[in-house]
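*Asks:* From the two separate chains plus the hints, produce the assembled complex.
Read top to bottom, the protein sequences are chains A and V. All residue numbers in the first sequence are consecutive under this note's numbering, ending with 256. All residue numbers in the second sequence are consecutive under this note's numbering, ending with 326.
Note that these hints are calculated values from the structure, not bench results. Any given hint could turn out to be false.
As the list claims (entries may be wrong) - Calculated lysine-lysine pairs in the DSS-like style (CA-CA distance at most 25 Å, straight line):
1. A:105 to A:46
2. V:319 to A:151
3. A:243 to V:313
4. A:243 to V:282
5. A:48 to A:194
6. A:232 to V:297
7. V:325 to A:243
8. V:186 to A:2
9. A:232 to V:282
10. A:243 to V:186
11. V:319 to A:232
Keep in mind that this is a model prediction, so the values were computed, not measured.
The chain contents come next:
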Amino acid sequence: MKIVVCVKQVPDTEARIRVADGKLQESDLNWIVSPYDEFALEEALKIKEARGGEVVLLSLGPERVVSALRNGLAMGADSAVHLKDPKFDQADTLGIAQALAAAVKALSPDLVLAGQYGVGGDNAQIPGMLAELLDWPQVTVAVKVEIQDGKAVVEREVEGAHETWETTLPAVISAQKGLNEPRYASLKGIMAAKKKMIETKDAAALGLSAETLAPRTRVASMEMPAPRSAVKMIEGDADAQSKELLRLLHEEAKVI
Amino acid sequence: MPGIVTFAEHRDGKLRRSSLEAVSEARRLAAALGGPVTAVLVGPGTESLAAELAAHGADKVHVFDDPTLADYATETYARALAQAVTEAKPAAVLVPFTAMGKDLAPRAAARLGAGLVSDCVSFTARDGRLLARRPMYSGKAFATMSWEGEPQMATLRTNVFPLEARDASRKAEVVKGAIDTSSRAKVKAVHAAVAGKVELSEAQIVVSGGRGLKGPENFHLVQELADALGAAVGASRAVVDAGWVEHQYQVGQTGKTVSPTLYVAAGISGAIQHLAGMSSSKVIVAINKDPDAPIFKVATYGLVGDVFEILPKLTAAAKAYFAAKH
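Isolated chain V (complex conformation) (with noise of 0.2 Å):
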């Protein structure tokens, strides 16, 4: 019986979010492509972690946890998965598509000479073998991805596959893995940001500004609603081009992609290249003064108006409507 490999990325003695998605995919897929579901977790003290991985669907899990393992490294990571795989000879490999998965996983196919599809949103099982869908374009078109041979192997898009039920009377058999653990890039400083802050890529509520904000002196009032939303903040090209705000905070094609349950663009016009990032936003709310910018194009509510007007009276709305909620 073939089975499923997924990798487990853990965060502060945490498995990630993402990694019980890609769990409870595998459990799903299990049932049309046969054999186990086996998750794999590097690092020391990992163990504790089998449980959660196990009650979400996991067979088994296969453990290096080499005190050396503590930090991530592209190198060792790759090889781990990739040893995890040789051994599990599986029909399918899914990897989140985090900052950690996007690093390691390309490494870990072509030392298995496995074809990787990246970004998946959904999969299909036929006869054994897999179809995944996945934008391109930044979601201006999506693609159907077949593979040629086993494994095959996926990123999957973070936010997107459900959770499984968690069920804490499944058990898992836990193996225990080695590797070689020397690696020739090693991380020397981690400098997090400022806690608090809601991670863009990660964030349910994304409130965006752009051009119509005149000038960097004005974005507080972007910032403010944000704020009041609980959201956090985005931005167009344009005026991270202009540099009124630093590049982490663009959304767009050569920016960051979000898929929030809401959306709000304030002052931003609607360019290609900008409504390829945020388009597959759930509610899309477009604050514009021209009616006949194309942000509206892709908008669930329209508001046509002065951003200088709207945002002040929409954040004391927010504020009002939070302080009533609670």
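Chain A with its partners taken away, still in its complex shape (with noise of 0.2 Å):
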């Protein structure tokens, strides 16, 4: 079975996000693989460890991608491609979808794995986005996945209740926490990465018109949330200090 697996290279969810000039700030960024993405490669791992094939890595972004390819291929995936082109700088998250899926469809998988969400982007569009412009189903926000011949068994997680899916194959699929523990990457496994073989796409290797990758929505202005009014401290015993709790939540926040 041949699994893609779509992997964000966000900012560090530890990471002071710094504003200026309406921009974000990313000189002084570290990079991470977005943590759902990382729930995706593992469960991709452990489907083609169960019932062999091959896992390919798909990422869309400037160089510094690579490392987050990289660490994918020292974690067991086979190979990765990198779509890398100026003319994506500006794109959407169609756009983005787009690009994504003229690669998967040049790739013939069996399976698309990503994360529910990119961590900092926090859109959530490109998983129900790639399913549609590939023409294949969707289950989004999966807390488990079970393989069957030509179909999967998917648990999501929604509002309040676990729901279990069936869906044909292909599909894509998008991971929740809770679906796996991911592995580190083992020493062996770093050293094997560095011989495995990023394949890097543009644009014109995909296939895609600038009318494709225009983008329908823009970041007109970014900036920083209104900070908040300085702090309350409460002083006295642990008795004294939880019935002034309960006095002020009352009497001046009027939230009990």
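*Replies:* If you want it as structure tokens, here you go:
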């Protein structure tokens, strides 16, 4: 079974985000693989271990993305495709989904796995758009995936409930936390990753026109959130603190 | 007149509040964008919900009530929304950012070739165009987004947009639609969560516990305060990763983003990724033994002290408060 795993490189979740002149300041950011994509990759590796096949990483982004791909190759993916072109810089979610769809078509896998959303952008759009552009079914926010002959049985998490879905393959499945525990790359894996291939493709190689990539949405500006007012410290012993807090929540904040 | 299309989600025969929020916002934006507000309902027997959508601002309700549409499926519901949009040719499409909306809006947007902006918290309309404000990096920053072309499609954060006053005299024209109802991915079973449990992302009050509780055996102190306050329980990533509680309780950048009216952080130091998931809460109470903990920088009220002493006292005080109130 051939599985493509979509990987997005994002600012470290522990990073302090800075905005200046209406733009995110990227210079001193530490970049990581979006945590949900690690669940997707771990699931792909587990399926490969159980059923055989290959795992191909797919990522769109600038040169720095190579480190995310090397990390995934060290975890055990077989090869990687890096979509890199200055023409992608202004692409919105739909444009990115178009590029990923073109790359997936060329790979013709049985399954695409991706994180339920890329941490930071927080859009949660790519898996659904990709599925539609490929004309494949989708199951999002998966916490359990079981591959059977020609189909997948997927447990997904929704508000206040778990649902069991069944889908034909090929399909796009997006991963939620709880699906698995991603492995760490071993030293042997890191050494092996150095010899694995990363294929680079630009917009022309994917057959993408300027019109297909033209953004339908734009970030007009960015800003920091309004600062919160100063904290009011409540003194005294635990009993006094508790009573005073309840009084303030009721009389001042009016939230209880 | 282009107008606005909204997607109306329902559960157990009732419209979800987020659907009325979307229709209400559409009503307000229609004053600037012009044209009718069309709500889309999918599922058999949903026509009866049209009156409620009309009372909150819908001029037209597009109903897809084929019996085979009883269960949600991404492909069919996205197809229905896309068809309603293709017919109405609206300036904007508004979908609640619920589990269902998150799942179907991207698929419908790709089908329509429309730009989609997720998790919007406010809109402004200028010269027939929308600008949307949305959190990024789990609220560490905010972006103002614009669209090229139409429809301008957006998902709306729940619990943010106010409801229009209900006007029962408002009536909507109901039109029926039909689509190809085949779907390759289907729901086979639903395992509902325990009845009566407050869902974290929808809760008005959240009490979260962190590493300061020292072990899973002490987490009941958080649960007891939550019970006394009628709150949902949350947790920091540290205690979820340590296996004290399951991941669905995690608040933060890789867990749930919550914005309740009251958030109580007990024994949570306030790692950046945790603050990202809760700092838009209206009132934040921090309880921590370290007066320099970062959590106090976002807190409204701070209690420096031992969680093992404060939580039981607070639970008792909360019980006494609510007993006196009733």
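*Asks:* Could you work out which of the previously given hints the structure breaks and list their numbers from low to high?
*Replies:* 2, 10
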